[in-house]
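All chains should be modelled from the sequences, with the hints used to inform the complete structure.
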Amino acid sequence: MSAFVAIVKRDLTLALRRKNEVITSVFFFVVVAALFPLGIGPEMNTLRLVAPGILWVGALLASMLSLSRMFATDYADGTLEQMALSPNSLSLLVAAKILAHWLLSGLPLVLLAPILGLQFDLSANALWVLTLSLLLGTPVLSLIGAVGAALTLGVRGGDVLLSLLVLPLYVPALVFGAGAVQAEISGLGASAHLSVLAALVLVAAVFSPWASAASLRIALES
Amino acid sequence: MFSVSNLCCSRGEKRLFSGVSFSLQVGEYLHLEGDNGVGKTSLLRLACGLCPLEEGQICWQGQPVSENSDEFRANLAYLGHQLALKEDLTPLENLLSHASIAGRQLSLTDAKAALARLGLRGREHLPVRVLSQGQKRRTALARLVVSTAKLWILDEPFVALDPAAQNALSEVINAHLASQGMVLLTSHQAVSLAGQGRSYRLSA
Amino acid sequence: MIQKLFFYASPQNFYPLAGKLWPVFACLATGLTVWGLWLGMFVAPTDFQQGQGYRIIFVHVPASWMSMVIYLAMAFWALLGLTFNTRLSGMMTKALAPTGAICAFLSLWTGALWGKPMWGTWWVWDARLTSELILFFLYLGHIALTSAIDDPRRADKAGGILALVGALNVPVIYFSVKWWNTLHQGASVSLTKGSSMAQVMLEAMLIMGIAFWMYAVAMALYRVRSIILVRERHTQWVAELPEVKAQMTKNTAGGANA
Chain U
1 MSAFVAIVKR DLTLALRRKN EVITSVFFFV VVAALFPLGI GPEMNTLRLV
51 APGILWVGAL LASMLSLSRM FATDYADGTL EQMALSPNSL SLLVAAKILA
101 HWLLSGLPLV LLAPILGLQF DLSANALWVL TLSLLLGTPV LSLIGAVGAA
151 LTLGVRGGDV LLSLLVLPLY VPALVFGAGA VQAEISGLGA SAHLSVLAAL
201 VLVAAVFSPW ASAASLRIAL ES
Chain W
1 MFSVSNLCCS RGEKRLFSGV SFSLQVGEYL HLEGDNGVGK TSLLRLACGL
51 CPLEEGQICW QGQPVSENSD EFRANLAYLG HQLALKEDLT PLENLLSHAS
101 IAGRQLSLTD AKAALARLGL RGREHLPVRV LSQGQKRRTA LARLVVSTAK
151 LWILDEPFVA LDPAAQNALS EVINAHLASQ GMVLLTSHQA VSLAGQGRSY
201 RLSA
Chain F
1 MIQKLFFYAS PQNFYPLAGK LWPVFACLAT GLTVWGLWLG MFVAPTDFQQ
51 GQGYRIIFVH VPASWMSMVI YLAMAFWALL GLTFNTRLSG MMTKALAPTG
101 AICAFLSLWT GALWGKPMWG TWWVWDARLT SELILFFLYL GHIALTSAID
151 DPRRADKAGG ILALVGALNV PVIYFSVKWW NTLHQGASVS LTKGSSMAQV
201 MLEAMLIMGI AFWMYAVAMA LYRVRSIILV RERHTQWVAE LPEVKAQMTK
251 NTAGGANA
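Protein sequence lines, in the order shown, are assigned to chains U, W and F. Sequence positions in the first sequence follow the numbering used here and run 1 to 222. Sequence positions in the second sequence follow the numbering used here and run 1 to 204. Sequence positions in the third sequence follow the numbering used here and run 1 to 258.
Hints in this document: simulated from the structure, not taken from any laboratory. Being a predicted model, the structure only gives us computed values, none of them experimental. Heads up, some of the hints might be wrong.
Claimed, not checked - Partial selection, computed: residues in chain U whose CB lies under 8 Å from chain F:
#, residue
1, F176
2, I218
3, E221
As the list claims (entries may be wrong) - Derived CB-CB ranges, DEER-like:
#, chain 1, residue 1, chain 2, residue 2, range
4, W, P127, U, L107, 23 to 29 Å
5, W, S23, F, E243, 46 to 52 Å
6, W, S5, F, K4, 30 to 36 Å
7, U, L107, W, V130, 29 to 35 Å
8, W, S69, U, A198, 33 to 39 Å
9, F, Q236, W, S3, 30 to 36 Å
10, W, P127, U, V5, 19 to 25 Å
11, U, T13, F, G120, 54 to 60 Å
12, W, Q105, U, G189, 49 to 55 Å
13, U, L107, W, S3, 18 to 24 Å
14, W, Q105, U, T13, 19 to 25 Å
15, U, L202, F, V34, 48 to 54 Å
16, U, F207, F, W125, 26 to 32 Å
Where a beta carbon is used, it is the ideal one built from N, C-alpha and C, also for glycine.
Structure, rendered in structure tokens:
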């Protein structure tokens, strides 16, 4: 357990000493949320309709931007090797890295989303469901993204390849996340969507650290 | 205590070496020699368990490592070409976090003492990126001082160290050998350590 | 029996077996395609609503089926490869991927060709077509990953994990897209008017389905032979193959003449 805490603490300390990485993904989210209206037109009724999708896709892309960094620096400086040689299970250590990644890239998006939602004139209930859906959805994105990041470690053209690998797997989270907000807006209630999201988080939390650890070991072999 | 038998390794299509076997008892060290590119680093990584075995076996305390891998890793300290240091953390922070990840308890005083022993007193609180190459190496070596591992696998540990640091490192290794440790190392320089030592020449 | 399976797990032994089998599957595929297309194009009655254009389902539906079956086959080989660490499993996965991608692409393209005369648009966000599109991306991702990694062993293992993760996700993706589609009842057409289908139409589709399957097996076996030759090119047994020897003498003769 203390190894888990040590990794989270270390990653958070490192990120806070180089704040620009955290700020970049937050800034990207804000910019995307502003670009769509510029592309679609200022008509509020249209924007209100497309807001859940835009905000969710923006959060998804912002979260994906920071994925390649999850393991890359550790792989480059040899820390990943040491983690693989630790008597602690690599899946546990990877879970710690994923948690740290979510705290730095996912949680800020969750906190920022309601503010951006106001730009699209979403109701208070819709904003609440949006926040909740992102709170449940962004961990899924970090968890699934971790497998992709581990598979593409040190591979040529890794970043673009990572996006290609990971985006199809993001579709369920996107569908249920944005769908939850749309269901709330149309009065159908979001509880079903949020339950599915919660189930996705649980399943991903069980499988992803293990799959990512296996992929990391493969990357370390060469 | 630690033995490898019939190890082989291929890089791409080329077979680097095969049929490598040796063993280490308590208090012994093995100096792995060979020309550049013959596969010394690959052999060390194989011995650590970072690469899967195509042939042969690695045994710790008489059991194959695949059966008692947790115990093996708890008793293994590996220092490779990469230093495994976080540049934005201080040497002290690096040591402490590494010990936690490796599942070991390390007190602040012990960490400071280890850094001092390798000549880094007064630099414990600077970020690693401002240290010189030699000082970074010494920080990495401080991990060995505080480690409780019985088997040390070291890849070119003496590189980039000035004579004073080389002496300090030899002293650290000798102390380890004297207290029931084992060392497997590669080095292009001649190695003069106390304790039972053998050398093994790796050739294609 | 298990002994025999492990015997064929070696590329050296599988190579001649694949060489004998693929022509058989190719003939079956050709025969069944001819029969299925004859049934579909000439025997099956004109659909009362959709006219003659509907006949493209005899290519579209089998292609969709195969794109999913091939992905499952890839996941199966991946599981085998990761469990038993056999080289051949990775080669089979690599051999299957392009055929699967082609089936997925064919399914999408025929879906679009059907859509234009039927509903006036080249694309419709139907649950099945959208899932097919995502499956196509999964195939492309797999091919991209295995091509980007230089070390073949690492490429095999990474591709294996990706195939398994993808296979586990495909039902989730399909379910979520279906959910997404039913809530957005836009175009309420389904590609197969689910209710009652003439017996002949069903028969034709099944025959075409099996034909595609035979084709996929034939292509995979044929392709894996090339992959085996490339991967094992430094071994003795490859150097002694008659076709390799013939190529080598042709090369040296050509070189001598040039």
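Each hint tested on the structure:
1. F176: Since the shortest Cβ distance to chain F is 6 Å, the answer is holds.
2. I218: holds, 5 Å
3. E221: holds, 6 Å
4. W:P127 - U:L107: 23 to 29 Å: Since P127 of chain W and L107 of chain U have Cβ atoms about 26 Å apart, the given range 23 to 29 Å holds.
5. W:S23 - F:E243: 46 to 52 Å: Roughly 47 Å apart at Cβ, these two residues keep to the hinted range, so it holds.
6. W:S5 - F:K4: 30 to 36 Å: Holds, since S5 of chain W and K4 of chain F (Cβ atoms, about 31 Å apart) stay within the stated range.
7. U:L107 - W:V130: 29 to 35 Å: holds, 31 Å
8. W:S69 - U:A198: 33 to 39 Å: Distance hint for S69 of chain W, A198 of chain U holds at roughly 35 Å.
9. F:Q236 - W:S3: 30 to 36 Å: holds, 32 Å
10. W:P127 - U:V5: 19 to 25 Å: holds, 22 Å
11. U:T13 - F:G120: 54 to 60 Å: holds, 59 Å
12. W:Q105 - U:G189: 49 to 55 Å: holds, 51 Å
13. U:L107 - W:S3: 18 to 24 Å: Between L107 of chain U and S3 of chain W, where Cβ atoms are some 49 Å apart, the hint is violated.
14. W:Q105 - U:T13: 19 to 25 Å: holds, 20 Å
15. U:L202 - F:V34: 48 to 54 Å: Roughly 51 Å apart at Cβ, these two residues keep to the hinted range, so it holds.
16. U:F207 - F:W125: 26 to 32 Å: holds, 29 Å
Of the numbered hints listed earlier, the single one contradicted by the structure is hint 13.
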